[in-house]
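Q: Sequence:
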Amino acid sequence: MHKMMIPLVRYAQFNGRASRGEFWWFQLFVVIVLIPSNVLGFIAGYTGSSTLALISTGVGALVWLAIIVPMIAVTVRRLHDTDRSGWWYLLMLVPIVGLVVLVFLLLPGTPGNNRFDTAVPHV
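In the working numbering, the protein residues as written are 1 to 123.
Since the hints were made in silico from the structure, they are not lab data.
Even glycine gets a Cβ: it sits at the ideal position worked out from N, Cα and C.
One thing to keep in mind: the hints can contain errors.
To be verified - Pairwise CB distance ranges (calculated):
hint : residue 1 : residue 2 : range
1    : 58        : 106       : 32 to 38 Å
2    : 55        : 108       : 39 to 45 Å
3    : 58        : 112       : 43 to 49 Å
4    : 98        : 14        : 29 to 35 Å
5    : 51        : 100       : 39 to 45 Å
6    : 103       : 52        : 34 to 40 Å
7    : 57        : 113       : 43 to 49 Å
Given only the sequences and the hints, what does the whole structure look like? Please build it.
A: And the structure:
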């Protein structure tokens with residue numbers, strides 16, 4: 001559980017590097033946190049409950065507001081670990097082309113030091 005929380009501790013830290021483990025454990029954490037909101041949304045859709053739909057939308061929005069900054073920060077740090085600028089993150093906004101960034105996130109980090117920081121231990 002500790003590994004999932006590292007990006008929350010480094011909330012808005014866009015400098016430095018993030019290992020593949022740090023990045024992917026945090027992605028798993030985000031999915032786990034969003035599951036209850038999504039389940040409420042599905043239940044609201046099947047039952048037609050507007051109150052439940054409003055609650056699930058509100059909870060989901062609050063969760064996203066809380067984790068959007070650390071999600072961007074850990075992605076930028078992960079790109080730094082592959083010796084790429086955080087500006088590559090903007091490619092994720094372009095349909096299909098954003099898959100290039102996903103490939104970068106899957107690659108192992110640069111061994112040793114790179115232009116963004118010293119090597120990070122594998123988490």
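Q: If a hint holds in the structure, say so; if it doesn't, say that too.
A: Hint check:
{"no.": "1", "hint": "58 / 106: 32 to 38 Å", "result": "34 Å, holds"}
{"no.": "2", "hint": "55 / 108: 39 to 45 Å", "result": "42 Å, holds"}
{"no.": "3", "hint": "58 / 112: 43 to 49 Å", "result": "46 Å, holds"}
{"no.": "4", "hint": "98 / 14: 29 to 35 Å", "result": "19 Å, violated"}
{"no.": "5", "hint": "51 / 100: 39 to 45 Å", "result": "42 Å, holds"}
{"no.": "6", "hint": "103 / 52: 34 to 40 Å", "result": "39 Å, holds"}
{"no.": "7", "hint": "57 / 113: 43 to 49 Å", "result": "45 Å, holds"}
Of the numbered hints listed earlier, the single one contradicted by the structure is hint 4.
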